[in-house]
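Enquirer: Residue numbers (full-length UniProt numbering), protein chains in the order written: chain A, 1 to 105; chain B, 1 to 105.
Hints listed in this document are in silico derivations from the structure and should not be mistaken for laboratory results. Warning: the hint list may mix true and false statements.
Short derived list, chain B residues pointing at chain A, Cβ under 10 Å [stated by the list, open to error]: (1) T58; (2) T93; (3) A97.
Even glycine gets a Cβ: it sits at the ideal position worked out from N, Cα and C.
Protein chains: 2
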Amino acid sequence: MSDIANTPPPPYYAVIFTNLRTELDDGYGETAARMVQLAEQQPGFLGVESARDTVGITVSYWKDLDSIKQWKANVEHIEAQKLGRKKWYAAFTTRIAKVEREYSL
Amino acid sequence: MSDIANTPPPPYYAVIFTNLRTELDDGYGETAARMVQLAEQQPGFLGVESARDTVGITVSYWKDLDSIKQWKANVEHIEAQKLGRKKWYAAFTTRIAKVEREYSL
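Isolated chain A (complex conformation):
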């Protein structure tokens, strides 16, 4: 799905989206890919990481809270969020977190 995001030195923000899927596909893959493409075009977008086993975890990184707010209010994203709640996700938790420290190998 994705690589390790190459983020700048902290502070910046992370949106941790953890979810359980329903069994319904119905355009899920296309919409998920489109949302990544769309997020990448947003101001303040810094990167995204994604993996799925039992749960799916997508972490997107953002310059500040305002960038996240704008992304959440994007019209096409709002439509996808509605479909997600209605069709694709059995459960999810979204957490907004301020990254304070980072270290890498």
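Take the given structure of chain A and dock chain B to it, following the hints.
Expert: Frame of chain A, contents of chain B only:
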């Protein structure tokens, strides 16, 4: 691997560990499982979520920075971290983040 973590109301902390594995197994699965078991016994541990595709993402949740510091300094965990750097991970990034908001479906 895991379910959606049932965390308390924010604020609390997240450790986002994103990694690429080497091709070497050599006890990786056992150590990874043992580290989850050990983390669960630590003071301040709130939950963990984990998934792997191309990248592995493990997010563990903690009461405060001090709990994270203690977990990082756990003797058995330090040993596992050394083996991780030497054998199991081709690359990783660890991010310490303060969860400010959370919402769920």
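Enquirer: Of all the hints given earlier, name the ones this structure violates by number, lowest first.
Expert: Violated hints: none at all, because every hint is consistent with the structure.
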